[in-house]
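Q: Okay, here's what each chain looks like letter by letter:
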Amino acid sequence: MKRAVIFFLVLLASCNAPSAKEEKRTYKIGYMICNSEQETLHRFKPLTAYLSKKLDVPFEASAIDTVDFTRQVDTLDFTHTNSLLYVIMNRNHGVEILAAEKAGSNGARAKGLIITLKKSGIRGVSNLKGKSMVFGPMLGPTSYMSQLDILLRNGIDPEKDLTYSIPPGSYKHEKVIYGVLFGKYDAGAAPLMDFERMVSDGRIDRNEFEVVAEGELIPYCNVAVTQKVDDGFAKRFKQALLDIKKDDTVEVDGEVVKVLERAMVDGYTDVQDKDFDAVREMAKRTNMPPYQRF
Amino acid sequence: MPLCLSMHRNWRGRFESRQFFELLCADQTGRLIIVKKVLLMLALLFICLPKADACVGKTLYIGVIDSAEGQVLSEILSTIINERTGTTVKTRYYKNTQDLYEAVSMKQVDMLIENTTRAMKIIDKPADSDLQRTYETVKSMYEKNRGLIWFKPFGFLNGGGGQSYTAPVLKVEVLNNFPALPRVVGKLAGTISDETYARLIKSVESGEKAKKVAKDFLKSRKLI
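Protein chains in written order, with my numbering: chain A, 7 to 300; chain B, 2 to 225.
Among the hints, erroneous ones may be present.
Chain A stretches covered by chain B per the calculated footprint, using a threshold of three residues with CB under 8 Å from any CB of chain B [to be verified]:
{"no.": "1", "stretch": "113 to 120"}
{"no.": "2", "stretch": "173 to 180"}
{"no.": "3", "stretch": "288 to 297"}
Here are the computed distance ranges between Cβ atoms for each label pair [what the hints assert, rightly or not]:
{"no.": "4", "chain 1": "A", "residue 1": "Glu287", "chain 2": "B", "residue 2": "Gln133", "range": "43 to 51 Å"}
{"no.": "5", "chain 1": "A", "residue 1": "Arg242", "chain 2": "B", "residue 2": "Arg147", "range": "37 to 45 Å"}
{"no.": "6", "chain 1": "A", "residue 1": "Ser176", "chain 2": "B", "residue 2": "Ser106", "range": "26 to 34 Å"}
{"no.": "7", "chain 1": "B", "residue 1": "Glu144", "chain 2": "A", "residue 2": "Gly161", "range": "27 to 35 Å"}
{"no.": "8", "chain 1": "A", "residue 1": "Pro174", "chain 2": "B", "residue 2": "Glu206", "range": "30 to 38 Å"}
{"no.": "9", "chain 1": "B", "residue 1": "Pro127", "chain 2": "A", "residue 2": "Tyr177", "range": "52 to 60 Å"}
{"no.": "10", "chain 1": "B", "residue 1": "Gln133", "chain 2": "A", "residue 2": "Ser138", "range": "29 to 37 Å"}
{"no.": "11", "chain 1": "B", "residue 1": "Lys59", "chain 2": "A", "residue 2": "Lys166", "range": "24 to 32 Å"}
{"no.": "12", "chain 1": "B", "residue 1": "Ser106", "chain 2": "A", "residue 2": "Gln78", "range": "19 to 27 Å"}
{"no.": "13", "chain 1": "A", "residue 1": "Thr169", "chain 2": "B", "residue 2": "Thr197", "range": "18 to 26 Å"}
{"no.": "14", "chain 1": "A", "residue 1": "Gly127", "chain 2": "B", "residue 2": "Asp195", "range": "40 to 48 Å"}
{"no.": "15", "chain 1": "A", "residue 1": "Asn133", "chain 2": "B", "residue 2": "Glu137", "range": "34 to 42 Å"}
Hints in this document: simulated from the structure, not taken from any laboratory. Note that beta-carbon positions come from the ideal geometry of N, C-alpha and C, so glycine has one too.
With the hints as constraints, model all of the structure from the sequences given.
A: Here is the structure:
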């Protein structure tokens, strides 16, 4: 019986006790799925491998849907999300900001657009009453919240004054832009970044579109740290991100790739929590989490 | 992988842990070893079994009592959410209120359809003839004690076997992760009169598919 008790205690320890060698554990980075799980992992596996090599610590990449992120954040060490998810996790889970991602014409900041087709004749927000509009993912700060803010500030209640919907499945930002291009909707809520990217890829013609409204500039995607990680390691992690150069490479699955190019970013920059106050105010105005009232 | 998790997975699969335990205890005999095996197995299962956590994934689940009312109202709710937000919504049917609320507490249900008469019984409050006051009572108690948010009633008063408000009820966690839902679900407020409600129920009871009945209704009101 004594042996069984000892065995039971050993098993109990293996189930619940933290590793004695904490510093050698695998750190988990949760990447918010932007378009699809495959695309997200394709983009960020090299960055994850680079950080493992640079910091001599194993990292694991996990692609997480926006609607699942707050439920899974307590299993993560680092997060890569949009600004709204950061604000929610900062308030509800104590996640702290480390760095902002730079991409596109506004660097580390982003904004949402309301777009129409030039031939539609819709030239301003006030013309949207009675029209159909398509939005991006509902936890998207520049694909839903920003445009909702524009509409409400201009006296348009989407529930009364518009017919609106959100497309199902992956690649929602592209579906929004194509939905407007092919005339399924009169207007669309698109992030400037994705709009610019589709123009530069030659997939859409900028001259066919009218930007009827632009939201305010707010922080773009960012990297943050959860409460599970000690401050010293978080600082090293942050510095490793800030130090990544355009030509830095890493080998992934037998292929040498440029880390930033594959991640589709221009680099990482320092950012402070107060930089997200604009997102917080917008969330309050639009009754979005973490400030929703029912 | 932690040892207990590995054993748990094996147990769920091909009962390999039984061989594992027999090997482990091969040097002992008699009834005592059987008792030890059972105790160890039970202890491991209690410690290592994952919690039920089906809620707030990419699919939302509506829980309703299996009835014509449950079928048509859940279809109305799931159709408007799916059409307006692109979210996949499925319905889980339950035999009675107890099963439904067990499913809510087990996180198998993200939203339900409830009436104020039944809700007053659930929160153990005496019936109140003032419908608005009853609604405010259940709304407040459900949010405070159960993390469930009552939306504005559908409009008809004949649900729940008498004068009662019937409304969608959603978990706060769901509303935090799907922030467009309050606006979308809010569109259903006051849209179903007693006459319309009777007609919808009659259609389903006479064999028409609840999904079609719901879709036709939503289209007629320009809600989708």
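Q: A separate judgement is required for each hint: does it hold in the structure or not?
A: Hint-by-hint comparison with the structure:
1. 113 to 120: violated (count 0)
2. 173 to 180: holds (count 4)
3. 288 to 297: holds (count 4)
4. A:Glu287 with B:Gln133: 43 to 51 Å: violated (34 Å)
5. A:Arg242 with B:Arg147: 37 to 45 Å: holds (44 Å)
6. A:Ser176 with B:Ser106: 26 to 34 Å: holds (33 Å)
7. B:Glu144 with A:Gly161: 27 to 35 Å: Given range 27 to 35 Å: holds, Cβ gap about 30 Å.
8. A:Pro174 with B:Glu206: 30 to 38 Å: holds (31 Å)
9. B:Pro127 with A:Tyr177: 52 to 60 Å: Roughly 54 Å apart at Cβ, these two residues keep to the hinted range, so it holds.
10. B:Gln133 with A:Ser138: 29 to 37 Å: About 36 Å separates the Cβ atoms of Gln133 (chain B) and Ser138 (chain A), which means 29 to 37 Å holds.
11. B:Lys59 with A:Lys166: 24 to 32 Å: holds (29 Å)
12. B:Ser106 with A:Gln78: 19 to 27 Å: holds (21 Å)
13. A:Thr169 with B:Thr197: 18 to 26 Å: For Thr197 (chain B) against Thr169 (chain A), whose Cβ atoms are near 22 Å apart, the range 18 to 26 Å holds.
14. A:Gly127 with B:Asp195: 40 to 48 Å: At 44 Å between Cβs, range holds.
15. A:Asn133 with B:Glu137: 34 to 42 Å: holds (40 Å)
When held up to the earlier numbered hints, the structure conflicts with 1, 4 and fits the remainder.
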